[in-house]
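Heads up: the sequence lines are chains V and G, in that order. 1 is the number of the first residue of the first sequence in my numbering; add one for each residue after it. 1001 is the number of the first residue of the second sequence in my numbering; add one for each residue after it.
The set of hints was computed from the structure by calculation and includes no laboratory data. Possibly wrong hints are sitting among the right ones.
Sample of chain G residues at the chain V side, in silico, Cβ under 10 angstroms [to be verified]:
no., residue
1, 1017
2, 1055
3, 1059
4, 1103
5, 1105
Where is the CB? At the ideal position from N, CA and C, for every residue including glycine.
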Amino acid sequence: MLTFRDIPIKQKLMVIIMATTTVALVLAGVGIVAADSLLFRSYLKRDLSALARIAADNSTAPLQFNDPRVAADNLAALRVRTHLVAACIYRPDGTVFARYLRPDSNSGCPSAGGPDEQRFSREGLIVSRAIILNGQRVGTLVLLYDLDEIAERMKLYGITVLGVLLVSTLIALLLSTKLRAVIATPISHLVGATTSVSETGDYSVRAQRFSRDELGVLVDRFNEMLAGIQSRDHNLRTALHDREEALRDAEKARERFRFLAESMPQKIFTATPGGVVDYYNRQWTEYTGLTFAQMEGDGWKEYLHPEDVEPVFEVWTRSLATGEPFHAQQRVRRADGAYRWHLSRALAMRDPQGRISMWIGSNTDIHEQKEKEDELRRANEDLQQFAYSASHDLQEPIRNVAVYSEILAKRYSNLLDADGRQFLGFLTEGGRRLATLIDDLLAYTRAGVVESNMTAVDSSAVLGHAISSLAEAIRENEAVVTCDALPRVHMGESHLQQVFQNLIGNALKYRKEDPPRIHISADHQGAAWRFSVRDNGIGIDPHYKEKIFGVFKRLHRDQKYSGTGIGLAICQRVVERYGGRIWVESSPGQGATFFFTIPEHAPRVHSAAV
Amino acid sequence: MPRASIPPPFNLLLAEDNLPDALLVREAIRMENLPLEVSIAPDGERAIHLIMTAEKDPEALCPHVLVLDINLPRIDGFEVLRRIRASEKFKNLPVIVVTSSDSPADRRQAAALGARYFRKPVTYDEFIKIGAVLRQFLIDNGLI
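Turn these sequences into a full structure, and let the hints steer you where they fit.
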């Protein structure tokens, strides 16, 4: 059963209006009737008092002359007041002197009360009035008035109120039918809109606004809310769509990666950002003879050579901490128990926020290459040692030739003719030149050896040493050597000095007429420092810019450019030994700028004491 | 030109296998008029023998200065130097390493063993400067 709360707003409004109207009218009616009744009673009292006074005044003479008949006639004149039931005159002794009784009355005279009083009794309103003659009370007049008039008035009022109630209820009903629409229609529309949204899920629906009142505001807010929801719904749908698409793409990418990984000859693995290996391709299981379950997580320690576990773990841990590429050479055990050298690399894959999402790594069998490299390295070291010993041993006899031919020339030249002296000169000069060449060869050999226990050196200080060594040449050439702030680099101090010295020395040597101006600077490029030595000298034909780095390659036979032509070869050997490169940018007459790079981090090198 | 006061001669042991170089060192000493008696050991073994004999025998010739080539036959110069530094009597012997080598490793090793370093030059005039170097060396070591 529907309660008041559950009935539609239209009906609720009607009930409220009708109930309010009825209650108001009934209360108003009751109030009016009650007030009128009170007023009327008061009026009756006043009216009857006046009547009693007049009647009392008229009764003094009959009482004086003791003529009850006249008194009764006087009283009978009061019959025009139809509601007067009785009028009686009492003598002072309380006996009735004269009276008038309405014909239909069946009661007698009302008892006389006090000399002047008005009181309502069951029979009606009783009014007593003393009859005074010459200041003396000669009698009392008592009137009894029935209250039927009040009842009649109340009845009339009741009918009027009821009539008004009926008419006003009717009008209220009609009015409310019209007016309730003002409130109920917008609400109905609002309800319609919400129902439509909830049933269809279409947030583009809008409720119609009918007014600027609270309902209008409610509709506006509701519409704004709908717009907000619509926009969020749209964004949500777009995001969902994008996410679905991304998931599809990711799945596709995963499939593609897996296919690629499985079809590659390399051993591929992936690891979580924390470094736990979570995927190995088929090549791994085939090569190691281990199952994925045996290799996953820390299982890689199983197949790695025991000597490689710790260093590789250290490098791997460092990469995990820094996010830098992992790079290691390691021995991996084959199913038959043989260990083969592998080059292992892994790169961190990052999400758009730059966070590492996974590591992807590959292992390439470099066993043959590694063996050949080792062989080559040993051969190189042997060759280097041989070159060093050979040139060292060569120095002694050459010095003998150079110094003693000079002594001969000094002490015995008078025993020789002009040809003999010239030939001796050739011998001395040849010996010296040979000694210089061997010195250079030795320097070149040493340039190929990277110092062990290398620490970072301050390249500004090293440049300072190089400039000091060249102080005399700088002064003679009136050269100006300037430099910017230079970094600390991982490089043997003597090697760096050798490079600076050779490059600045060349800049001094291959000068133009103007005093040489040489500037040294360095900038950071990727994972390396790039040094530059710029001069304003004669420059180099681009055609020769590779050739000049060859051993004993000289572009000028001219005596004014002395030297064996090994300086740049030494520079190149030093720089390349440290993992850098050297090149020149120049054009003839425009000066030259030599560049060389040195990796920021210390290279892993083999060392030999030479 | 003779000096005003001639100090007592000191013994210089020259460990050198290359006779032309040994002659040049002697010529430099003579030209610099240094109060040195030069004895030559042509190999490392001979140099050690002379030192060890001097350590045991107070009558034997006692070197005050050693001029040492590195590239010596039998036992190389650094080994000779290490043994001298290990001896009680000669651990503080003034030593100049005179060699053709320009290797930084050799220079470092010589310095580590407390020896002066002189690289043999390829011209007579430069070579003969070893006389002046020796004079300064004797002064530095309080011998003259």
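Interface restraint verdict for residue 1017 of chain G against chain V (beta-carbon cut-off 10 angstroms) = holds, 9 angstroms
Hint check, residue 1105 of chain G versus chain V [nearest Cβ-Cβ separation less than 10 angstroms] = OK, holds: residue 1105 of chain G within 10 angstroms of chain V, min 5 angstroms.
Is the interface hint for residue 1055 of chain G satisfied, with its Cβ closer than 10 angstroms to some Cβ of chain V?
-> violated, 30 angstroms
Satisfaction of the residue 1059 of chain G interface hint, Cβ to chain V closer than 10 angstroms = Result: violated, 36 angstroms to nearest chain V Cβ.
Would the hint on residue 1103 of chain G stand, with a C-beta cut-off of 10 angstroms toward chain V?
-> Since chain V brings a Cβ to about 6 angstroms from residue 1103 of chain G, closer than 10 angstroms, the hint holds.
Hints 2 and 3, counting from the list given before, are not met by this structure.
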